[in-house]
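With chain H fixed as given, assemble chains P, B and R with the ligands onto it according to the hints.
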Amino acid sequence: MADGNEFQLNPTSKLDELEKGPWPSFIKGFKETFRRTGNTMIRGALDQLNYSYETKMGYWKGGVVGVHGYGAGIISRYSMISDLFPEAKEFHTVRIQPAPGLHYSTDKLRELLDLWEKYGSGLVNMHGQSGNLQMIGISQDNVQEFFDEINKKGWDLGGAGACVRTSASCVGPARCEMACYDNLKVHHDLLTYFSDLVHRPQLPYKIKMKFSGCPNDCTNAIQRSDFAYIGTWRDDIKVDTTELANYFESKGLDYIVNNVVTRCPTNAITLAGNTIEINNKECVRCMHCINVLPKALSPGDDRGISILVGGKGHLKVGNMLGAMMVPFIKADTEEDMEKLQDMMDEFVDYWAENALDHERIGEFIERIGMHQFLEDMGMEATLDMVSHPRDNPYFKAGHDHDPLKNIQQAAG
Amino acid sequence: MADGNEFQLNPTSKLDELEKGPWPSFIKGFKETFRRTGNTMIRGALDQLNYSYETKMGYWKGGVVGVHGYGAGIISRYSMISDLFPEAKEFHTVRIQPAPGLHYSTDKLRELLDLWEKYGSGLVNMHGQSGNLQMIGISQDNVQEFFDEINKKGWDLGGAGACVRTSASCVGPARCEMACYDNLKVHHDLLTYFSDLVHRPQLPYKIKMKFSGCPNDCTNAIQRSDFAYIGTWRDDIKVDTTELANYFESKGLDYIVNNVVTRCPTNAITLAGNTIEINNKECVRCMHCINVLPKALSPGDDRGISILVGGKGHLKVGNMLGAMMVPFIKADTEEDMEKLQDMMDEFVDYWAENALDHERIGEFIERIGMHQFLEDMGMEATLDMVSHPRDNPYFKAGHDHDPLKNIQQAAG
Amino acid sequence: MAKREWDTIESGPPDHMQMLHPVMVKNYGKWKYHERPRPGVLKHTAESGDVIYTVRAGTERQDTVDIIRRFCDLADKYAGGYLRWTVRNNVEFMTDSWESVEGLIKELEALGHPIGGTGPSVSAIAHTQGWLHCDIPATDASGVAKSIMDIVHDEFISEEMPNRVKLSTSCCEINCGGQADIAVIIQHTRPPRINHEALHAGICELPSTVARCPVAAIRPTTVDGKPSLMVVEEKCIYCGACFGACPGMEINHPDYSKLAIWVGGKNSNARTKPANMKLVCHGLPNNPPRWPEVGDVVKRILAAYKEGGRDWERMGEWIDRIGWKRFFEETGLTFDMYMIDNYRHARQSFNQSAHVRF
Amino acid sequence: MAKREWDTIESGPPDHMQMLHPVMVKNYGKWKYHERPRPGVLKHTAESGDVIYTVRAGTERQDTVDIIRRFCDLADKYAGGYLRWTVRNNVEFMTDSWESVEGLIKELEALGHPIGGTGPSVSAIAHTQGWLHCDIPATDASGVAKSIMDIVHDEFISEEMPNRVKLSTSCCEINCGGQADIAVIIQHTRPPRINHEALHAGICELPSTVARCPVAAIRPTTVDGKPSLMVVEEKCIYCGACFGACPGMEINHPDYSKLAIWVGGKNSNARTKPANMKLVCHGLPNNPPRWPEVGDVVKRILAAYKEGGRDWERMGEWIDRIGWKRFFEETGLTFDMYMIDNYRHARQSFNQSAHVRF
Ligand code: SRM
Ligand code: SRM
Ligand code: SRM
Ligand code: SRM
Ligand code: SF4
Ligand code: SF4
Ligand code: SF4
Ligand code: SF4
Ligand code: SF4
Ligand code: SF4
Ligand code: SF4
Ligand code: SF4
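Chains as they are written, first to last, in the numbering used here: chain H, 1 to 412; chain P, 1 to 412; chain B, 1 to 358; chain R, 1 to 358.
Don't take each hint at face value.
If you want the footprint, here are the derived chain H segments under chain B, 3+ residues with CB under 8 Å [said to hold, decoys possible]:
1) 118–124
2) 159–171
3) 316–330
4) 334–344
In the DMTMM-like style, the derived pairs of lysine to aspartate or glutamate whose C-alpha atoms are separated by at most 25 Å in a straight line are [stated by the list, open to error]:
5) B:Lys-26 / P:Glu-346
6) B:Lys-273 / R:Glu-329
7) H:Lys-330 / R:Glu-329
8) H:Lys-330 / H:Asp-345
9) B:Lys-235 / H:Glu-363
10) P:Lys-56 / B:Glu-293
11) P:Lys-89 / B:Asp-66
12) H:Lys-281 / B:Glu-307
13) B:Lys-299 / H:Asp-402
14) B:Lys-43 / B:Asp-154
Not the full set, but computed from the structure, chain B residues with beta-carbon under 7 Å of chain R [said to hold, decoys possible]:
15) Thr-45
16) Lys-273
17) Ala-354
18) His-355
Derived from the structure by calculation, the hints contain no laboratory data. Glycine included, every Cβ here is placed at the ideal spot set by N, Cα and C.
Only chain H is shown next, with the shape it has when bound in the complex (with noise of 0.2 Å):
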């Protein structure tokens, strides 16, 4: 520690190197709240820090520390070398569920970084992967008053764990063009409603969900979350034709043939003349079109959600991106919504009861089979859920099927 002043920071000759060049500096950051608070546990931070980049290794351990009641919400650490840094001797995260879209009044805002700065560190981490506001540094005994009071205005804890986790949305309604369901207020319905789970880790492994308000997925939902919210459409495409026409004005033909008729994936798009057709039979809602020609072209007015499940990340079994399940439910009405809770009560529950300890849906559905999965949760197969039928023919459909219903049927 450095002698003397309090407000003097110790030497952190491979951190300085972080300083230079023209991103935004987070050593820069932390040294200038250091140097104004003197909160010693940012220079105990640092100090470690340094020693990480000097050494290559990293000295955090968990353990266990929480707010009265709840189970999650707090990431504990504690320094393996508190001998040698003892000002961040204890250094947790709380993990606070920002608003749907990660919206912010100034307000609200500085209300939680003044309590901020009272009780922890004064390390703000903006945002965390999964969408948390992330308070980077608290020691154990302030941790029950900081919650009580940021509770008071309003905040809530978010998950970690085995349990359901903060969830993100993407600006959605409040701002894009291309929302085609409220997933703001979805996910606030939503994980309101999972309240006990987010806060009480009594599930076999994590479960995250995610809210984009279209197929342009802009919170990855597909890919990071068990269950993945996407806004889709049922009828036609929009076409405003004045702005199609002004389009092909300005563009000229050769960028519309290009960038939007070539590029359609199913080729739904066809050039007529000097406009385009769009045969929305063919259209799979993957956005490009309306990307490219946003004022012309907008999803239809059917609207609802996708529901993709089973995307994580890396572990065990190499990243997996979340199937299609639900390709079309409504979410406009209180009853639609309740229908929402109602499935997703029963995909919980259903996962809950029968996966393994540190199983995510993804991998359980895989060690299941789709079959016994879609039999349990009465779901129908349809052509919605895969790329194309089975390959192999390692199947056991029982010898009561009639293949020749349908056709029998359409035909009499």
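Okay, now just chains P, B and R with the ligands, sitting in the frame of chain H:
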């Protein structure tokens, strides 16, 4: 058995239905030959077959029948219901290797037919799915003599069981302008080289090779053989500009655009006024453009073979397609042929020593992993072997790998 | 049997050069291009300017010496004494004279052999041994083949499909018939019943039977005090692999062995990579001697493809373009849960995207 | 601690409606289209005709109360008292006046926050906790992130890429950073060393550590008479999953934990389906504080893509078009055996065709 007339068939009411219709009827054929020869084995076989049609069950069981010195080549069949149909009590098949490409002279073929009529049923299968000339229906007593007689005339048995199997070749350079190597010769020489392994089962399981003159793969080699030899070329597609111009004239621009330019899998073909240009670096040797414009385009002059390994049928893992292992190998000179033989020896020996019982080479590679396989075989990994690099992080490269070597060399 | 006087010569496959028409010997490896003057006839032109015509005809495939001798007669008369078979069991006669082509066509047709199978036609179906010879079949592939070919006969003798259509049929799930644009394959619908008597009689090697099961569903057990096998029914996937290893694992049944239809297999590398075929119909009755239900489904699929496919588009490529939903709509077939893969690589076939057609 | 007087309200996420600029509340769900007046600035027009501008700026991501308060100041001054963050940790200010846009840009730039990350630019890198906070990291993702963003800064503030470029970096193989066009991820290059002392001290649940291993390489054993674990080295795939379950399974090492580069991840459904990223470089040294070798490879990849990609073509789509061979040629990277998959679904990545480029 019908009374009185030894040339009289028993009733086969089910099979008789198969005499109707425009396609040639094998039942008609069988009956015809029975009526001429009175070979009761045919009648017995028809009776048992008709019984199978009635009961919807098969009634053959295997056994062990062979010829002196060989362990393979005969598929033995004994009737399980010889009390009902004693005339086809024994009904073995002799698998004979035809000339590569299934080419025959009538004199050689007639010799064979005459001997077959003498010793066997007179029923012939041209050909089995692996490429054997199958002589169906002979009793054990006659097998050795029949074999000796045909062997004198230059015919040899094919494979069956855990051995190198009879191969198949497309018509090849004998009649096809697409042939990029002399697949008939390579087939002939390799199978002769492997004769011992064809005749004496001493491998973990079967090995099939198939020889297609070009990537049209008219023998279905990639799907149906452990080693698929596919003709290919390394230099540029040859263009006959006069014929190309003729096509433009006779077929029209639209036809060329819609059926050639837009159908190249890598967009290697561009329209350039009234002709096309091929970017041979982008060409993946798919054959399509050559197929559509055979007069104008043909494979380049630097020709050779791509070898794909691991194709096989459904059993255990679902259909496996062969995977590219040797992107290019020459097969022009005797030296080339020796190299090819040595390489095949290495493949076969390595697999034979390490595979489990009943494990095809594709399954074997899947079990031990491609890294082990390449290392043990001393083969270099190339991008031709994959559609794309790995997408999961579970590999063990070791820490002595230097990824920057090549970059630095290039720079230095 | 008399004492053997002949010493085997392990001669391998005969030399093909002695089996070729002289024009083919002369121009071996020097062909320049081909044309199709009419369905069933090819015309190959060599660099030398020489021409060889090929006449292709459908056969019984399960042939006889009489049938083949007749082909030999025709080959002698019109084709210099040479002939060949295609990988799909069609017979081919090569001649350098157009008159011979006409003679061949006339005589072959008179004998009942359809001329065709070239270019964008439906060629002869690849099939397997079935009840005629195999020890594990649940149907008769030859009969199914004949029944289907009768139906598609007109498509064999014409060239009116978008691209070549390859059919196959197999009499057990092993599928010796191979991948095809449309394949008809036996499908088992319940686990094998174990014939303990047979097992006690020692006809099977028990450990290798156990090892054959892809899902480890077979376990050693004791029945009546003697070693036998049992099947864990929940695990068993009805594949029938054990039956190939051991006849006591009785998988076949007149009613419970059904037929399934697969589409979109592709072996060539033209345009798209080779592709496995996909299940589109299962549980069809195994209904000899004519299997009308199978024929009906095959016809529906061919009709839809013929109508919708573009030039050079193989069955699977056509479906990829229009999407599987429309394939099912246009053929009238019904998608169901069992068509969703649940085997080892199942995840790869899931729709891992928000792409969806409404 | 004093007696608690507050009863927790499980309020969940706050209501977003109270967090929105009035123009956004008014036009909620009624936006019509957007434009990008300049890099880093969006203009959304509502059906009502209302307009809202967005100014997007890069941040430290590991922020402080001071940094955020400055953003609040700017939001109060120019954006009605509202602001938001993007999923990539950029901050966004919304305003209905163009003057405010200009003011914001000026002040943000003065504070060192680059304006950009919109449209076809390289946006801010998604990264993870690293040595600053996580208990299992082998590097410091924040440092790698800062070092890379310094290099690509010019591509953040301009829109000159073929399409959006998303970067990520993760400090262990678990990859909390996610799939990206280019990802930099820790890669372990040897099995964990087992700290038996730690295991004896009871810091881990042994059975759940055993269960965590994807390849069943961990076995219970006894060391010094006490229960511990061992690793079967031939089986171990160096994934480090066990370390997450048990700190005694020491996978990290200053020299043997390396960095690997992955490309072509795609999350959107635009045109092509979402895709996993692929390994293109591994064994790069873990070289703080600036990781120059990593930066060099990232630069090469970006340069090649910028040069060769077509409009709207994402990194992976570009590579699919030109082929992986040319990707390696154009970036100067070297393909090797380890880039061939050998895990569970490896076969699916093999070239199961005769398609080959020479
Ligand atoms: C004779 C035969 C080879 C043999 O040695 O027996 C053969 C001969 C020719 N094939 Fe083939 N193919 C033959 C079986 C195959 C097979 C395998 C099969 O039938 O099981 C395939 C792969 C099928 C698949 O992908 O599932 C095959 C895929 C092709 C293709 C690629 C078609 C495509 O677009 O996918 C071509 C190219 C073309 O059509 O121009 C081709 C082209 C040709 C050409 C035009 C080559 C040439 O220039 O001479 C030959 C005349 C074809 C015709 O019928 O119009 N041949 N061809 C086979 C005839 C089978 C039959 O009797 O019907
Ligand atoms: C005769 C033939 C069908 C036909 O009518 O053409 C045939 C018939 C049999 N096949 Fe086959 N297979 C025949 C070509 C094939 C093919 C196609 C090919 O070779 O191109 C395949 C797919 C390719 C492959 O090898 O995987 C094929 C894949 C199998 C398999 C599954 C192998 C696998 O690993 O998936 C078996 C089962 C086994 O070997 O245990 C099998 C087993 C059998 C057995 C030996 C059944 C048995 O295990 O007892 C059949 C003997 C029937 C008989 O009584 O003659 N047969 N079999 C074909 C051989 C004729 C010939 O030699 O020319
Ligand atoms: C602000 C943000 C959502 C949010 O709630 O935070 C957002 C906002 C918009 N995205 Fe996005 N996307 C945002 C993250 C993403 C992500 C996820 C990510 O960055 O990790 C993706 C998926 C990335 C992937 O595929 O790996 C994403 C894929 C897209 C696409 C599809 C691009 C493509 O062709 O693949 C579009 C369509 C487009 O570019 O027109 C899009 C379009 C848009 C539009 C134009 C939508 C609109 O009409 O308003 C927004 C302005 C974009 C701009 O920057 O020009 N957005 N967008 C995110 C900004 C991130 C950032 O700071 O850089
Ligand atoms: C903080 C955060 C990284 C960041 O800097 O943003 C993070 C940090 C950790 N992640 Fe993560 N993950 C974070 C987002 C993710 C994401 C991205 C997402 O949620 O969109 C993923 C990929 C998606 C997924 O869930 O699969 C992710 C996949 C994992 C996994 C692997 C899960 C898997 O099944 O593949 C683990 C390991 C585990 O859970 O056992 C893990 C575990 C961890 C742990 C708890 C390490 C551990 O096991 O002790 C890390 C705690 C670090 C710390 O000290 O704060 N983290 N983790 C992110 C959470 C912040 C937040 O709540 O907002
Ligand atoms: S996911 Fe769709 S609705 Fe949401 S921000 Fe992106 S483009 Fe807009
Ligand atoms: S949204 Fe996508 S699939 Fe639909 S028409 Fe537009 S580009 Fe084609
Ligand atoms: S595989 Fe090629 S060379 Fe052989 S017959 Fe077919 S097209 Fe000709
Ligand atoms: S052979 Fe195939 S890949 Fe090559 S140029 Fe022709 S169509 Fe394209
Ligand atoms: S498909 Fe099955 S039943 Fe038919 S011949 Fe082959 S192994 Fe025998
Ligand atoms: S039918 Fe297949 S899965 Fe069932 S016991 Fe036999 S081998 Fe095993
Ligand atoms: S990537 Fe690994 S080390 Fe980094 S934060 Fe996530 S779990 Fe921790
Ligand atoms: S590093 Fe991975 S593979 Fe190795 S022992 Fe640990 S969990 Fe198992």
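Item checked: Those earlier numbered hints the structure runs against, lowest number first -> Of the numbered hints, 1, 2, 4, 5, 7, 15 do not hold.
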